[in-house]
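Chain by chain, the residues run as shown.
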Amino acid sequence: MLLELKNIFKWVQSGGQRVFLLKDINLQVQEGEFISIMGPSGSGKSTLLHVLGMLDGFNEGEYHFLEGDVHGLKEKQRVKLYKEYIGFVFQSYHLLDELTVYENLEMPLIYKNIKGAERKAMVADSLDKFNIVGKKDLFPSQLSGGQQQLVGVARALIANPKLILADEPTGNLNSQQSTEIMELFQQLNQEGVTIIQVTHSEKNAAYGSRTINLLDGRMI
Amino acid sequence: MIKLYFKIALRYLFKNKMYSFINIGGLAIGIASFVLIMIYVAHEKSYDRFLGSENVYRLYMDYLEGDTYEPGDVMTYNASGPELKSMFPEIEDFVRFYYFERMTFVYDDLILEQPIGSMADASYFSIFGYPLLKGAPEKALERPNTIVLSSTLAQKIFGIQDPIGKTLKAHWDSYETVLTVTGVMADLPHNAHYRNNYLISFATEKTWGIFNEQQLRMNFNMNNYYTYIRVAPNTDIDQLRQKIIASDVEDSVDERHNLEHIEKIHLYSDKPYEVSVNGSATRVNFLTAIAFIILVLSWLNYINLSTTKSLERAKEIGIRKVSGAQRPQLILQSLVESTLINLIALGIGLVLAYLILPLFNNLIGQDLLLTANSLNDIFPYLAFVLFGIVLAGVYPALLLSSYNPTKALKGKIQTQTSGPNLRKGLIVTQFIATIVLLIGTLMVTKQIKYLQSRPLGTNLNQVVALKGEIISTQSDSLVTQSFYTYKEEIERLSFVENTAVSQTYPGDSFDNLSSTKGITLPNGIKNTTDIFYTYQAQSDYFDLMGLEWVAGGTFTPTTQDNSKQVVVNETFLKEMGISAEAIVHKNLSFWGNQEWVVTGVFKDYHHFGHKGKLLPMLIRQRRGISNLLVKLDQKALSAQGVSGALSQLEAQWKEQFPKSTFKYTFLDQNFQAQYQAERNFSTAFQVFTFLAIFIAALGLFGLTSYTVVLRKKEIGVRKVNGASLLDILHLLNIDFVKWIGLSFVLAIPIGWFAMDRWLQGFAYKTELSWWVFALAGIAALLVALITVSGQSLQAALANPVDSLRDE
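Sequence lines, in order, name chains A and B.
According to UniProt numbering, the stretch in the first sequence is residues 1 to 220, in order.
According to UniProt numbering, the stretch in the second sequence is residues 1 to 807, in order.
Just so you know, these hints were derived from the structure itself, not from any lab.
All values reported here derive from a predicted model rather than from experimental measurement.
Even for Gly, the Cβ is constructed at its ideal location relative to N, Cα and C.
Honestly, I wouldn't trust all of these hints.
Unchecked claim - Covered stretches of chain B (in silico footprint by chain A; criterion: 3 or more residues with CB under 8 Å from a CB of chain A, positions within the stretch not fixed):
# : stretch
1 : 10-22
2 : 162-174
3 : 402-409
4 : 704-716
Could you build the full structure based on these sequences and the hints that come with them?
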C-alpha cells in the first residue's frame, strides 16, 4: 500500500463556526493505481489533493505514507518526504517564467542536492522521453499551453516520484491537447507510476482505474 | 548553486527593467552621495597627522571675559615655550613660529612674492615629522640668517640648480635681510593647518632689524608667536593643563596659557588670529548626517520596493516550495539577488562618484581625489555600506521565504500579509528625512541671505586695495615720499574717485590687526582686562570707506609719521564703559604710557562680517607705506573697463617703483569670500537634499506602480459600481497625503532642533520662521503627489472590463 487516510477532518474557523473542508475521509491507495477525484466546485477536491501532497495540514485523523506516519512529522521531514516521492502537476502549469525549459526541469533536482553531472543526464533523459529536446532553451512564454503542461508533467516526473498529484491538469487546454496529456498519464501509469488527478471531466476520469466522488468535503 | 542564483537574478533584473532601474538607480545615487561626502569628511578629519603628531599640542591664550576664561588668542609670547619647557619635564620640546603673511624674495633678477612662511626654532624638524629632503634636520635652522625652502619654492627660485648654500634676499615690510639656504623640505600636504612655504631660522630675528630690543627680550608682554610643544608619550594632558594654569607663568590673572591637540585644530578651533581658516566640526557633522540619511533613504527604498515586488513573486516561491525548496535555500536565493543588485549599485555608485567628483569639488571648494587610497580612508564607512546591503536584503528574504505554498500558488498572498504598517513606516521615515533636509536647506540659504543683507556699516563697492613690496636702495623716507607721490598722481586719474591709506580693511585677515589691552582712559580709569583691536590708517580712510561719525571726526591731516591721534568705535566705548563726550578731544594712554588724543568716535562697522561679534576698535593715525585703497568712479570707469583701469594703475606703480611687486584686491569680493565656506555648505546641502528627494520620489514611484497593479481589481470593481475618476484618484492618493502629513508633523521638531543648533554658531542669526517649515512640507507633498498622480491617473482611466476579466 502506498498511502492511507484514516478519518481525516479539516476545517476553518469562520464567524465562530467550523466550516468543514474535509469530513471523515478514508482512503487507501495502492501502488500503480490511477485515481480520479471528482465533484462540484467547493466540494474539497483540491484540498484533498493538497493534504495528500502534504502541502496542507489537517485537523484530525491519520495519514500513513509508505507505512510512515505523516501526521506526526515536522514540516522539515514532510518536505523531505514529498520531495522524495511526490510530483505535482497544476492546471495553470506553474512553470517559472524566468527559467528556460531546461532550467525548469533542473530546478527540483537542485533542491534534492543532486550533483551537476547527474542532473544533466537526468534532464537530458527527460527531454528525450517527452520529446521536447528542441524546446529546451525556450522560455515558458514561447510555448503553447499543451507544451507548457508537457514540461509541467516532465518536471513532476523528473525525480522519479512514486506518486503524481495532478490538479485539473487539462483545465486550461483544448480537447486535442487534453487527450495527449491524458494518454501520457495513462502510459506513465502503465509504467508503474501512481497517479491521483482532480478533474471535472467524465472523459478524463475514464482514463483512471477508480473514481472518488466528493460532495461538501465528504466522500460519497 | 550560487552561480545559478546569480544567473536567475540577472535574468529577473533584465526582465523587470523598470523595477531594476528604480532600485539600482536609487541605491547608486545614495551610495555615490555617501562616498563623496565621506571622502570629504575623511579629508577634513585627516588634518595634521604626521609622524609623532599624537604628542604635539599648540599653546594658546585664554583671556578673562567677565568671570570666565575664553580662548582669546592663538598667539603666545616668545617666553611661553622656553619657560614652560623648563618648568615641566613632560614638555619635551617646543617650537615657536613668527608668521609672515607674505614675503618677497630676491635672487639675481628674480623678484618673487610668496605667501605663508615663518621664522621657526631649530626644533621644528624634531616636532613636526614632515620630511626634510635636503639638509640636516637638527642643524638646518640653527644659525641666524638661514632658510629652508619647500621643494616647490626652491624650484621656483633656483630652477634645477642645487639651492643648498645659495644666498637670497628677503624683504618684509621694507626690512631686508640676506639668507643662506640650508635645506629643502617636502611641500606640506593639503591637510596641514599651518602650511609653511619656507622656514627662516628663529635666530634671524636678532639680525634682521624688524624687532627692537624690547621685543627681542624674552617677555610675557607681546604675544606674536605660535608655539607648539611636544609632550612625552602618555602625558596626562588635563593634568598638564592644570599645572600650566596653576603656574601662572605669565603672571597675570587676566589671562592664562592653555593647550590643544594639533590634530583637533582644523575642525574644532576658531579662535582669533588662527594661522589659516579652519574647517568646522558642525559642518562636517551635518554633512555626515546628510550622507547617512541619503544612504539609509536608498536602503529603505530598496526594502520597500523589494517587499512590494515580492508579492509578485509569491507564485514563484510557491512553485519552488512545491518542487522541494526549503526555507534556507529560498532565503539564500533572495540574499544572492539583493547582494547582486547592491553590488551593481555599488559599482555604478563608485563610478558615479568618480565622475561627479570634479563637480563636487567645485561645489565645496575642495581639491579631493577619488583613489584607492581615499577609498581606503573611508573603508570603515564602506564596510557599513556593505553591512547595510546585507541587512536590506534580509527582510524581503525572510518575508518571501515565509509564504505558504498553497496560498502563494492560488495568488492569495495579499498586501496585508506583507505588512502595510512596515511599508507605511518606511515611507514615513523617508519623508521625515526629506522634509528635515528641506527645512535645513531653506534655513541655511535664509541665514546666508540674512548675513549678506545685513548692513556692514561700511561701503566696499568699487574699492581696490593696492599693495606691493617695494625694493629700493633709497632711504625709507624717500620711498615713503614716492609712495605718496604715486597716491597723488593716481588721484588725478579720471576713473579714480578717491584714495586712502590704511594698514588693513574690512574682510582682510587678522594678521594686520593687533589686539592689545591695558589702557588709561581720559577719566583716569585704568582698564587692564578688556581687549581692543587696533590698526593704523590715514585721515582720508574713513571718508573713503563710508564710515560715519558719532562724535568728533577724522585725524587732523599731517605729514608727520606718527601724530599720536586715534579714533575709536562705539563698541570700544561700550566695553570701556565711557561716553563719547567723555573721550572726544581728550587724551588716553596705552603701550607704556604713550599719550594719544582721541579725535572722534565712529559708528560700528563689521570688520569680519556677521559671523562674529562687533570688535572694540581703536584706529591710530600713521603715515607710512601700507595698503593704498582706491575708490573707482563707476561712471568714468565704464568707458575704460576695470581691467584697463587696473593695468594703468599697475603701469604707473611700476614707473614709480621699478623693482617691486604689485597686488590688488577688490574689497567687496574679498569680503564675500569670508562666507565662502557657508556658501559651499549651503550649495552642498541643496544638492544633496535634491538627491534625497529624488531617491524618495523614485521609491514612491516604484511603490505606486505596484500598489496600482495590486489594486487593479478593486479599482475595476469600484468603477463598475459607479466610482468616478476623482473618487479613484482620491482613493489612491489619500494614503500618501496622510503619510506625508504624519511625516511633516514628526519632521518639524527634528528640523527645528537641528537648525537651532546650527544657528548657535552665528553671532547674528535669522529667525526659524514658520513659513520655512510650511514650505518644506508643501514641497514634499507636491513632489509626492506629482510622483504618484501619473500612475494613479492611468489606473483610474483603465477600462474595468480589462482588469476584471483576469478572474
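Against the structure, the hints:
1. 10-22: Three-residue rule met by the stretch 10-22 of chain B, so holds; n is 3.
2. 162-174: n = 0 at 8 Å, threshold three: violated.
3. 402-409: Per the Cβ count (3), the hint holds.
4. 704-716: violated (count 0)
When held up to the earlier numbered hints, the structure conflicts with 2 and 4 and fits the remainder.
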